[in-house]
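Asker: Sequence:
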Amino acid sequence: MSDDQMLHVTRWHNGEKTYQPFTNGEMTRRSDAMMAIMGDLDIDACLFTSYHNVCYFSGFLYCQFGRRYGAVLSKDGVTTISAAIDGGQPWRRSTGDNVTYTDWRRDSYFTALKDLLKGVKRLGIEFDHVNLDLKVLLEDHFPNVELVDCAAAAMDLRTIKSAEEHVLIRKGAEMCRVGGRAVMEAVKAGVGREAAHSAIKEHAVATVNDLRAGNIKENNLPERLASDDRIPLSLEQLYDIIATGGENAGTARSQVDHFADIVSQWETKFPNAANYMPGSIL
Numbered sequence: 440m441s442d443d444q445m446l447h448v449t450r451w452h453n454g455e456k457t458y459q460p461f462t463n464g465e466m467t468r469r470s471d472a473m474m475a476i477m478g479d480l481d482i483d484a485c486l487f488t489s490y491h492n493v494c495y496f497s498g499f500l501y502c503q504f505g506r507r508y509g510a511v512l513s514k515d516g517v518t519t520i521s522a523a524i525d526g527g528q529p530w531r532r533s534t535g536d537n538v539t540y541t542d543w544r545r546d547s548y549f550t551a552l553k554d555l556l557k558g559v560k561r562l563g564i565e566f567d568h569v570n571l572d573l574k575v576l577l578e579d580h581f582p583n584v585e586l587v588d589c590a591a592a593a594m595d596l597r598t599i600k601s602a603e604e605h606v607l608i609r610k611g612a613e614m615c616r617v618g619g620r621a622v623m624e625a626v627k628a629g630v631g632r633e634a635a636h637s638a639i640k641e642h643a644v645a646t647v648n649d650l651r652a653g654n655i656k657e658n659n660l661p662e663r664l665a666s667d668d669r670i671p672l673s674l675e676q677l678y679d680i681i682a683t684g685g686e687n688a689g690t691a692r693s694q695v696d697h698f699a700d701i702v703s704q705w706e707t708k709f710p711n712a713a714n715y716m717p718g719s720i721l
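To convert, count from 1 in the sequence shown and add 439; that's our numbering.
I should point out that these hints are in silico values taken from the structure, not numbers from a laboratory.
Ideal placement from N, C-alpha and C gives every residue a C-beta, glycine not left out.
With beta-carbon atoms standing in for the labels, derived distance ranges:
1. R669 to D567: 41 to 51 Å
2. T449 to F566: 26 to 36 Å
3. R669 to L576: 46 to 56 Å
4. D696 to C502: 30 to 40 Å
5. Q503 to E662: 32 to 42 Å
6. R545 to P460: 29 to 39 Å
7. G611 to K456: 18 to 28 Å
Taking lysine-lysine pairs in the DSS-like style, the calculated list, with each CA pair at most 30 Å apart, reads:
8. K640 to K610
9. K574 to K553
10. K557 to K574
11. K708 to K600
12. K610 to K656
13. K640 to K627
14. K456 to K656
15. K574 to K514
16. K514 to K557
17. K553 to K514
18. K557 to K456
19. K514 to K600
20. K553 to K456
21. K610 to K627
Make a model of the complete structure from these sequences and hints.
Answerer: Pasting the structure below:
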């Protein structure tokens with residue numbers, strides 16, 4: 440079979456979209472905010488290649504496997520580019536579209552990009568992540584496209600946390616504090632580690648989804664775990680675990696509160712600081 444008869448780029452949309460920690464509204468907010476910055480900078484599209492930005496704008500966290508990955512953000516939305524070794528997982532685990540490329544030809548990754556970047560004149564890339572090898576290849580495959588930095592602007596967006604992100608950080612830490620100790624105590628009581636982890640994860644995800652949907656107002660993970668026969672711990676034991684965890688935190692809480700107070704003072708003194716945009720380093 441000749442090389443031209445091989446499948447190089449495809450859309451591998453099997454299965455259904457799976458759980459995402461953030462709502463579609465939150466993911467749209469991120470894309471819209473970046474698109475507004477791109478409009479100000481006259482950038483037609485952005486190619487994100489770092490773990491953090493691909494995940495931030497699409498929800499998909501890739502594992503490189505020696506291959507190239509990315510997420511293109513344009514007026515058409517966000518589309519991840521992934522290797523065929525992942526199958527349909529990137530599409531199921533991302534909020535937008537996905538394009539899969541195969542290993543039959545060395546430049547299939549760029550073939551996928553060319554389809555997504557038609558008509559682009561100024562392309563944003565991450566100067567702090569794209570190495571010289573990838574930069575040269577991008578210049579070779581897109582000779583008439585100007586490459587400009589979008590990393591600094593994306594970093595600024597990520598540092599300002601939304602209401603959903605605040606909830607996930609706080610509730611997620613609380614879930615981990617309860618769930619982690621519950622796994623340890625369940626294993627001590629004779630439950631298999633994987634079985635305990637699976638049961639606790641199931642309830643933790645359900646609790647987060649109910650909190651996010653407004654079905655419940657307070658974290659009721661301990662009650663859920665206590666009512667599950669797979670977890671041989673009473674509600675009293677679970678609350679003891681939570682109390683013990685708080686005691687073992689030492690001065691961490693007071694240190695966090697102290698730092699938050701300092702930040703609030705500076706925010707009051709310099710209210711325009713949140714709008715600061717750093718200039719280019721190079």
